[in-house]
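Build out the structure end to end from the sequences listed, making use of the hints.
Here the protein sequences come in this chain order: A and B.
The numbers in the working numbering rise by one with no breaks, and the one at position 165 of the first sequence is 165.
The numbers in the working numbering rise by one with no breaks, and the one at position 262 of the second sequence is 262.
If you're looking for bench data, these hints aren't it; they were derived computationally from the structure.
For each residue, glycine too, the CB sits at the ideal point set by N, CA and C.
Mixed in with the good hints, there may be bad ones.
Simulated restraints on C-beta separations [what the hints assert, rightly or not]:
#	chain 1	residue 1	chain 2	residue 2	range
1	B	P145	A	H164	35 to 43 Å
2	B	Y311	A	M178	46 to 54 Å
3	B	P145	A	E280	52 to 60 Å
4	A	I162	B	R167	28 to 36 Å
5	A	T56	B	M96	29 to 37 Å
6	B	A21	A	H57	30 to 38 Å
7	B	R22	A	T56	26 to 34 Å
8	B	P301	A	E184	36 to 44 Å
9	B	P188	A	H164	37 to 45 Å
10	A	E306	B	E193	38 to 46 Å
11	A	H57	B	R22	29 to 37 Å
12	B	G36	A	M178	41 to 49 Å
13	A	P249	B	M96	28 to 36 Å
14	B	R22	A	T266	56 to 64 Å
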Amino acid sequence: MTISEELMLQMYRYMVLGRLFEQCAEQLTHRGLIPGAFHTGIGEEATHVGATLALTHKDYIIPTHRGHVADIIKGAEPGRLMAEILGRATGYCGGRGGSVHLADAASNNLGVQAVLSAAYPVAVGAALTQKRANTGRIVLAMFGDGASLMGTFHEALNLSAIWHLPVVWVCVNNQYAMSTSFAEASAIANVADRASAYNMPGHVVDGNDITVVYETVREARERALAGEGPTLIECKTYRQGHSTFDTNPYKPQEEIDAWSKRDPITQFEQRLRELGVLDEELITQIADGVQRQVDEAQEFALNSPEPPPEAGVEFVFRSSEVE
Amino acid sequence: MTTREITFRDALNEALREEMAREEGVFIIGQDIYGGPGGYQGAFKVTKGLADDFEDRLLDTPMIEQTIVGAAVGAAMTGSRPVAEIMFEDFITLAMDLLVNTAAKTHYMTAGQYSVPIVVRAACGAVGVGPQHSQTWTSWFMHIPGLYVVLPSTPYDAKGLLKTAIRDDNPVLFLEHKKLYNVTGSVPEEEYEIPLGQARVLCPGDDVTLVAIGYMAGLATQVAGTLRDQGLSVEVIDPRSLAPLDMETIFQSVRKTHKVVVVAEDCKTAGPTAEIAALISEACFEYLDAPVGRVGAKDAPIAHNVGMSEYILPDATDIHEAVQSVVAW
Ligand SMILES: Cc1ncc(C[n+]2csc(CCOP(=O)(O)OP(=O)(O)O)c2C)c(N)n1
Ligand SMILES: [Mg+2]
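This is the structure:
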């Protein structure tokens, strides 16, 4: 598979957008404007962007709580996304969901499952609809290394395999679940090695290499559409702190240093320079364009009204919408 | 309207059949609901024969309660209308997270972008199968905003309510009492639906109101018959669903009779009778001539031994005594 220059630039641009968008949200958290914690995907952009770009607009996605850039690629407007993160009325869920319960039905984004174990069964159900109605769409379900150790993983992956469902399972293995290291929490080194237990292909890939992530998910998508069933892909990557206020005291410094040399954006930028796809001028141009987009998103969100408190009891049932 | 006598089980079966025929998106997912040639066709045979016409709509799964309910949610979010079967209500605890955190909250969390039109059917009630196969749990679920809880007590209600539940856009927990599966009753040949949240007056009366749900509704009706022979006019009301809960019908009756007993099979402590009694006290305090009476199971798991389980569960005698005690107040 060859990746066009255009797509490479798109990949680069989205990774930069993901990073600047989340850095902006982090700053808003530090300013006390975002209720609760905010989780970034900083350091793992290649996985989120590469996997999501392998989808079409009509495919479904269940992103992780770090997948804000996946939301945007799928079709969410950065302004309304930031508004939801801030809990504002103009957000996708009118402020009820926030970052970790964000969903956007218009772009077939099924939403983050914040009770992490729930993503697997929901993905199976969504894939079941695609298969039964022969829609030609797949479901991309993303989850962390920590979440891969939950019971529903087993139930759902097995079911997806026996039913040959069009689902692609992508594990974002960023090595930690809060302060629990995957190396200590898992009996085996690779999540994708578990694929053999479900008789499906398993791939361990460098999650900081965006083209590899893209190509692997793309192939798994084609396989799923051909009726050959699901694939389990594990993207090895690394994250910053768990959430805004985490300073990583549980991580060895050498590990942090080693991974910082493998930053997905810096690496890809270097590669694209070598390929002659990017130069200093274009890099600045992209950075400026993305920064403007993020500034606009922030401005839209900050200028958005708070929802009326009494709207907090709307939408409990389907009919309450009409009332 | 032409009617015929059919069992509660067949009434449910007809509802499933008709709704699958009516809409492509309806399918059934659960354990051993078909089981292939010679298979179980449902632990309680509710899905019997459906495979003849709808084999591809009976999705047998392994024992994965979380994923049965969770997959129903994901399918519903993408346009299907699944009916999930949990073999015994006791096992619903495995799927609790998917039911209360995912199914019940999705419409809310997404501000109505997604809805979850699922029905989760489960067999409740004690028939001598011991502590982990006998529960009737309702108050856990009526406590959850975003979830409906339905418990039919007759074949007529079973069919009409299941059809409505399948057509409803919200998640519905539909509880079927094991002792009712073989009970017969008259059911119209013609298509009908019963709105959720509409209580039924099983027998009219003026002296005492008896609110009883699920299997208890039948017992309450028997007790009302006995008491009528003794000169006491008892109005029996079956709410039919605990969420939505038709309190207006109950209030009207209490304003007329001034005395009320509430009956459910759950443990009495924090059971549905507690909520209903509290609502009656709040709305009808000045009409009451006696404290609201409550009948429920003793606070114990349900024993396998018949004598023990009969001691634990509420029965006609308990209901009879409770009515007499409010009358004597
Ligand atoms: C069922 C459940 N248990 C615990 C949590 C709290 N929690 C939120 S994120 C997180 C870490 C998850 O680790 P992982 O799956 O590796 O994803 P990561 O945060 O590393 O992206 C935990 C424990 C949760 N959201 N859901
Ligand atoms: Mg992790």
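key: Hints the structure fails to honour   = Hints that this structure does not satisfy do not exist here, as all of them hold.
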